[in-house]
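**Q** So the protein lines, in turn, are chains H and X. Heads up: the first sequence at position 110 corresponds to 171 in my numbering, and the numbers run straight through without jumps. Heads up: the second sequence at position 45 corresponds to 48 in my numbering, and the numbers run straight through without jumps.
It is worth saying that the hints were derived from the structure and are not from the lab.
With beta-carbon atoms standing in for the labels, derived distance ranges:
no., chain 1, residue 1, chain 2, residue 2, range
1, X, Trp40, H, Ala390, 45 to 55 angstroms
2, X, Ala33, H, Arg228, 43 to 53 angstroms
3, H, Arg464, X, Thr34, 14 to 24 angstroms
4, H, His201, X, Gln37, 33 to 43 angstroms
5, X, Gly63, H, Pro83, 53 to 63 angstroms
6, H, Leu394, X, Ala17, 11 to 21 angstroms
7, H, Gly271, X, Ala61, 41 to 51 angstroms
8, H, Thr270, X, Arg65, 37 to 47 angstroms
9, X, Thr34, H, Arg396, 49 to 59 angstroms
10, X, Gly63, H, Ser380, 18 to 28 angstroms
11, H, Ala212, X, Trp40, 46 to 56 angstroms
12, X, Ser76, H, Trp128, 15 to 25 angstroms
13, H, Ala67, X, Leu5, 48 to 58 angstroms
14, X, Gln37, H, Lys82, 50 to 60 angstroms
In silico negatives: residues of chain H with every beta carbon more than 10 angstroms from chain X:
no., residue
15, Ala69
16, Gly117
17, Asn120
18, Lys159
19, Met193
20, Arg195
21, Asp205
22, Asp246
23, Arg259
24, Gly276
25, Arg278
26, Gly352
27, Ala384
28, Trp398
29, Leu453
From the derived model, a few chain X residues whose C-beta atoms are all more than 10 angstroms from chain H:
no., residue
30, Arg14
31, Gln59
32, Leu80
33, Pro84
All values derive from a computational prediction rather than experimental measurement. Using N, Cα and C, we set each Cβ at its ideal position, and we do this for glycine too.
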Amino acid sequence: MAEYSALALLKNALGGHRGWKPAWRKPEPKPAYDVVIVGGGGHGLATAYYLAKEHGITNVAVLEKGWLGSGNIGRNTTIVRSNYLLPESIRFYDFSVKLWEELSHALNYNVMFSQRGVLNLAHSPAQADDYMRRGNAMRHGGGDAEWLTPAAIARKVPGLDLSGSARFPVVGGLLQARAGTARHDAVAWGYARAADRRGVDILENCEVTGFLREGGRICGVETSRGTIRAGKVAVAVAGSTSRVMALAGIERLPIESHVLQAFVSEALKPFVDCVVTFGAGHLYMSQSDKGGLVFGGDIDGYNSYAQRGNLPVVEEVMSEMVAMFPSLARVRLLRSWGGVMDMSMDGSPIITTGPLPGLYLNCGWCYGGFKATPASGWTFAWTIARDAPHALNAPFTLDRFQRGALIDEKGQGATPRLH
Amino acid sequence: MLIPCPYCGPRDLAEYTYQGDATRARPDPATAGQAAWNAYVYERANPAGPHREHWQHAGGCRAHLVVTRDTVSHAVLAVAPARAGEPS
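Start from the sequences, fold in the hints, and give me the full structure.
**A** So this is what it looks like as structure tokens:
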């Protein structure tokens, strides 16, 4: 198994880098497991890891349709934060940030978690009031938040247009200093290696094509690599949730799949050392360690399973970026791509038992799933192991839509494209 | 993505406003129970493939349209005016 250290690097450099071992096994599927997790993204792998670590359930398989890390875990803009308003969200995402703070040590894998801070810019007195209210809610919930004046913002982010003649003048900003970024691929690889070492089988190129039932209970899956029986089947497939659940006979869910685009510029010298978001539209930007500006905006706003978007959003995102940082107008775009988001009806996730006996569902991450990866895996593992949600995800069960107990951060109602 | 408006011809996506799933049928308030309303408000088929949806040509003739569009390829398969009698 792969071990990374300065000594290993030196040894392998001398050997022409031919001695590195794979980080996880490539096992053949066993006929049966205690738990089968559908979806080898961040959330599925984290769930497998916490099932093994926290609950001692190691006879587990993670089924991935493509290759590991090929979905949204490798397509996001790597931001980790817990700057929410509602108490349920604050508790959940703050727990996630706490897991992030220990993650590299826990996995013995450097996920490059960098608490560089997330700064939300406010552009009107009303928006400033709203952000301060959210900041107070975050502090009340045990998190951190700080209000920055334009003068403090000018010192922190020198490239910003803070002049009075800006199209949307900045009146202040809400900073969450404990927030930041992490290397998303390393998160997938770190969880995969750590789960593999605890006995979890990671089965790549293994697409679920159907579910096995016994007396109304889900008892396994049909896959492109054969039939696999399971005591419990857990689904964590993000934008593909409706497709996979339809195979189990669940035809309707409070989910719509939408496409979100992300962008990387050519590499620049150090330009911005925190995550900055534009409040007069929707833009979030940070700079990677390689120097590229990593940024994104709103979802395209129509149902889509295509992992690519259209030009109006590209134009909008670029114009917002130039409004914020006029000096970036001539920077060239290196890459853009799309991912399929599981937009829920209230903008909050679903981590639940059911909706069928033997089945467990984790979905509805909208476009905020990356930051939740550790807490999502931790609470989903708890829910699978104990057949009941943990206090942290009890508000996020599927039946909240029947009970009217929605967790709607933006107050947009059942309009997924607006969350 | 170009959407052919029945009145204006093929126009860019930027002229249109998406208004969501057109397959949902509003329950009859006189007879529908909570489960029917819950399904109407919150549940979606969310298909991968052809999808009937409402769009408004907001930056053009302002007509409300029912567009059948493939959610995997983004190909527009059919466009018709949204008239009375369509699910709303």
